[in-house]
Amino acid sequence: MRRARGIWRALWRNKVGMASLIFLCLVLAAGLFAPLLSAHDPLAVDMKNRLGPCTAEHLLGTDSLGRDILARLLYGARTSMGLALCVMLATVGIGSLLGLAAGTFRGLFDSLVMRVTEVLMSFPSEVLVLALVGMAGPGMENAFWACVLCRWPWYARVARSLTLGFRDMNYVAYARVAGFSRTHILVRHILPCASGEIAVLATLDCASVLLMISALSFLGLGVQPPVPEWGTMLGEAREVMILHPWQMLPPGLAILLVVAAFNFLGDALRDALDPWRTLPQPGERP
Amino acid sequence: MDKVFVSVSHVQKRYARGLRKKVRVLEDVSFELRLGCVTGLLGASGSGKSTLARLLLGLEKPDGGRILIEGQELRAWRAANRGGMAVVFQDYVTSVNPVFTVEECVAEGLEACGKRNGEDSPCVAELLARVGLAESLADRRCLELSGGQIQRVCLARAFASRPRLLVLDEALSSLDVSLQAGMAELLRGQAKDMACLFITHDIQLASLICERILVLDQGKITDNVPTEALFAESGAHLSPALREMLDCTMVFCSRFEDEGHGA
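Going down the list, the sequences are from chains A and B.
Mapped onto my numbering, the consecutive letters of the first sequence carry residue numbers 676 to 961.
Mapped onto my numbering, the consecutive letters of the second sequence carry residue numbers 676 to 938.
Derived by calculation from the structure, the hints in this document are not laboratory data.
Glycine included, C-beta positions come from ideal geometry on N, C-alpha and C.
Be careful, since some hints might not be right.
[What the hints assert, rightly or not] According to the in silico footprint, chain A covers these stretches of chain B (three or more CB under 8 Å from chain A):
| no. | region |
| --- | --- |
| 1 | 735 to 748 |
| 2 | 753 to 766 |
[What the hints assert, rightly or not] Away from chain B, derived, C-beta distances all over 10 Å, residues of chain A:
| no. | residue |
| --- | --- |
| 3 | M810 |
| 4 | W921 |
| 5 | N938 |
| 6 | D946 |
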């Protein structure tokens, strides 16, 4: 409890980080409550009103099939952010679990996991994702699994090296001497210290996963039309880019702002979660 | 009282340096620890004291020889007696989990012997009071305290599980002299049913606390004598390393007495 309060206070002090957190929460809420915020159906085609300008009815205009861009942007937040967060959850879960276990139990299991990560990390991950999705066929599910498969090795390696670093700490030595089991030490001592660093990495990585999913959708390999997704929208806008370049703006800006916000939040979290840096600042203690 | 509790026989330890070369840290070390007896381990820096401590705690395996506790292999004994061993290290900064409060830290010692809610177990406040820390510190984060306070938190944690083997690796080195004396008294009070290895390079502190003195010099035990032997008239039976330590201490003491503080 005390620790949670300290982290919150450190995060509160960082204005940019706080603004990013609020912005991301707003985007998520906008995605969740999209039906309340927009009266338009994001899939309703209106060929009479193609590429329409910004009006009171269509705040951001309409796209090449006459669909309301604002509605598509809001529903797209669901797909883009939701998919990115799911990928991160699965990646962090699988990666750090395997990494922590490898660092704790060492031996054959450790070598096995590390060799697999080395194989996966020896390919550029963007190329590997493209190859996997290309082989499995385009689609949301395949894009999800391809992203997870290509990213977990990073988390496994970070979690393992953190575990090895904490193993040499004297408090872990005390716990071993006192006869606590390795699982107990992992849960009590190593996980709370390692989770901060992993959370920071995951937040920063959210941005690149979002970019990766948008890029896949832009190329037609990820989320399939007509489902609204920012990358798909960007791809559709590209077809009319010469005559109507502003069509690129709404999805492009949405991706830019969310990616930037994730990066700022990651930096702020790194400062806030550092166990050695969350000590109360001078003058703060009542 | 006089039974052999820990027996260390012909223990060797080498560390690899480079591919082929190995550095011998301990060569053929043998000694015994008895219950109810505080044994001091003296030695210069780099003589292998801390390595010996890590071997005795089962944190590392010896390259040769064996360590038996009550006739059992060390790791088997440790697994069968949870909380039966405790340690306080010299480096206090990494001795406490940075996310723990003082209370959580000391409670870990209680938990080690499964006495979290037991009736006869002392509570955290009592353990803190024993090492001279105020109860109001209990919900502070360990790292907010000073070095001497953290070291005493570690001592409280070590005493909490009522260990039968306690290893203090320079554990009093960051305390001031009066606190050192207080902790020495506490240690002697607690020592009745445990074997304690007190590692230090301070011969005066060792002679205050310990009943036996071991001297480790370049990986070998050169002396294994009762403390009284240090003050015997002729030092002929003592090793050169120990005699040098004593001589240096004498210089301090004689200066102290010359200034008119002597009895």
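Cross-check of the supplied hints:
Requiring three or more residues with a Cβ within less than 8 Å of a Cβ of chain A, the coverage given for the region 735 to 748 of chain B is violated, as only 0 such residues are present. Evaluation of the coverage hint for the region 753 to 766 of chain B: fulfilled, as 11 residues show C-beta separations to chain A shorter than 8 Å, against a requirement of three. The claim that M810(A) lies off the interface holds: its Cβ sits roughly 44 Å from the closest Cβ of chain B, which is beyond the 10 Å cut-off. At roughly 50 Å, the least C-beta separation between W921(A) and chain B is larger than 10 Å, which holds for a residue marked as non-interface.
Listed as outside the interface, N938(A) is consistent with that label: its C-beta sits roughly 26 Å from the nearest C-beta of chain B, beyond the 10 Å cut-off. For D946(A), the shortest C-beta to C-beta distance to chain B comes to about 15 Å, beyond the 10 Å cut-off, and the non-interface label holds.
When each numbered hint is compared with the structure, a violation occurs for hint 1 only.
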